[in-house]
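There are 2 protein chains.
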Amino acid sequence: MYIPTYEDVVVAHERIRPYIHRTPVLTSSYFNDRTGAELYFKCENFQKAGAFKARGASNAVFGLSEEQAAKGVATHSSGNHGLSLSYAAGRRGIKATVVMPRTAPEAKKEAVRGYGGTVVECEPSTSSREAVFAEVVAESGADFVHPYNDPRVIQGQATCSKELIEDVGELDAVIAPIGGGGMVSGSCLTLSNIAPNTRIYAAEPKNADDAYRSFKAGHIIADDAPQTVADGLKVPLKDLTWHFVSNHVTDIFTTTEEEIVEAMYLCWQRMKIVMEPSSAVAIAAILKNPEVFAGKKVGVILTGGNVDLKKLPWA
Amino acid sequence: MYIPTYEDVVVAHERIRPYIHRTPVLTSSYFNDRTGAELYFKCENFQKAGAFKARGASNAVFGLSEEQAAKGVATHSSGNHGLSLSYAAGRRGIKATVVMPRTAPEAKKEAVRGYGGTVVECEPSTSSREAVFAEVVAESGADFVHPYNDPRVIQGQATCSKELIEDVGELDAVIAPIGGGGMVSGSCLTLSNIAPNTRIYAAEPKNADDAYRSFKAGHIIADDAPQTVADGLKVPLKDLTWHFVSNHVTDIFTTTEEEIVEAMYLCWQRMKIVMEPSSAVAIAAILKNPEVFAGKKVGVILTGGNVDLKKLPWA
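For the record, the sequence lines run as chains A and B. Those letters in the first sequence? Residues 1057 to 1371, by the numbering used here. Those letters in the second sequence? Residues 1057 to 1371, by the numbering used here.
Treat the hints loosely; a few may be bogus.
[Stated by the list, open to error] Covered stretches of chain B (in silico footprint by chain A; criterion: 3 or more residues with CB under 8 Å from a CB of chain A, positions within the stretch not fixed):
#, region
1, 1303–1317
2, 1328–1339
3, 1353–1366
[Said to hold, decoys possible] Residues of chain A clear of chain B, computed beta-carbon distances all greater than 12 Å:
#, residue
4, Thr-1159
5, Glu-1191
6, Phe-1200
7, Ala-1281
8, Leu-1365
[What the hints assert, rightly or not] Mimicking DSSO-like on lysine-lysine, the simulated pairs with C-alpha atoms at most 27 Å apart in a straight line are:
#, chain 1, residue 1, chain 2, residue 2
9, A, Lys-1272, A, Lys-1344
10, B, Lys-1344, B, Lys-1272
11, A, Lys-1344, B, Lys-1366
12, A, Lys-1290, A, Lys-1165
13, B, Lys-1366, A, Lys-1262
14, B, Lys-1366, A, Lys-1367
15, B, Lys-1367, A, Lys-1164
16, A, Lys-1272, B, Lys-1164
17, A, Lys-1127, A, Lys-1151
18, A, Lys-1367, B, Lys-1164
19, B, Lys-1272, A, Lys-1366
20, B, Lys-1294, A, Lys-1367
21, B, Lys-1290, B, Lys-1344
22, A, Lys-1164, B, Lys-1366
23, A, Lys-1366, B, Lys-1164
Simulated from the structure, these hints should not be mistaken for lab results. Just so you know, these numbers come straight off a predicted model, no measurement behind them. All C-beta atoms, glycine included, are put in the ideal place defined by N, C-alpha and C.
Please model the entire structure based on the sequences and the hints provided.
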């Protein structure tokens, strides 16, 4: 598999610039006082389609040849990647097909359609998903854009910490939530090149701690069906993201469900921003391990803001 | 009563700069597409103490002589002004006393104490409030900072649209929610001086439409005890705010409770920001009167973000 370079990231950033927000970096005297750290929150919850995934999806979509673009793109993520791919394809005026279990919440299907994507339903099993997806690709010739194990996607996600460093200068540490490892891999790619002294931490729900266990074991461990409120972080590492995580991450912290919900609540209450439970995992990890971050200048990636406002985890 | 001038606003801005956030201005392609307007949201929900009121309170507190400051400040607002006055007094290291009905939610009392203010309870009646407040002032010599009918407070609120114009250039219109009229008066004061072609609109809950009726009647009409989800907007105009509103406001729009909650929901969902129902009134007014705003460059003041996350109006 092709390992992307920082030169690719610079190209990706130019390519996607018209289609993404350069998201703001917020600070919070509350969280600074509480942690003793100087925290810089990179607000990808304000990103197009509501999550950093718009970066990688836009890079994949706008990097396609005209010929390939005419056949469209496809994926099988019912989360932010599906939305983002639909968004990016819509901006290019090409077709995006998202294969989703027929049991997925109607709101998620509606959201994909709202961004112009086409939903194709499968049964709620891996075998059905793979069969239906293979059929879609065979029929349409659509380009498969994996949610994270794709160099184009990682190049796109890598533009996030590029902006962060450009905007706030060098950092002692950056922390991001980890699921499949796309954002963390992008951060590794950028920081190891332009800010090699910046330590990279990942934060993961204890209930879906496969990245943590992989990191400690030295090889990929995938869980079957972890359950966590941080629903963007259930997926396992794959070879490309493992490459970056195993080479560049300093440590991975895990947090309980209660800690995640409490951190999310505090962030909404104090910073007045809507972000999803997955984003809160990074804040929870800082609150839980203040000794690691106190006195340091730390970038915190708030990964997304797509949450069901009528079903909040503390209600 | 002293009518503040724009020179006062410039002085106020210098005075309060160290104690307030220069809040960001956000845009939303969703709301632009939906309204046909070019909207610039001035995010005072990100302000210190969670609302624009920190501007006026800081100006009042930091403008006090040493002698007066030593005696502290006092008010009888149980809402954002009480919080903001406590915040500002805390920054100066002086005492803030907030008289509140003993029946006020414990969370509001805790919030005032959280910012370092002292809560003094009264019975839930105007006569008790006035008696207790008079006692507090007589005993302490504290300076009474009215939530809006005070030149120092209006000078402070006026710095909000000053920043807005500095950051985005001239606007065709600015719209803000109206309760007692402090923010609208401040906007009038600034815009009539530095952007005299900018039309100033106010938005009010239909259930608390005393400013609307005052505006149409040509004199102040005060309601007894209006009920609305936009709880920051229940108070009536007073002489100083009436001066600005009657001289500089182009029109006042009213919105129903359902329209307010719908606008608030949309703003949280699409812009990923936490703001209070009072702020949503301005957005609701734009959605309801698109013909007034389409094709225009419009500033929208999002006044605050203090809301009970466990009791959302759509839950």
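(message) Taking the earlier hints as the rules, which of them does this structure contradict?
(response) When the structure is compared with the hints, numbers 1, 8, 16, 19 and 20 turn out to be violated.
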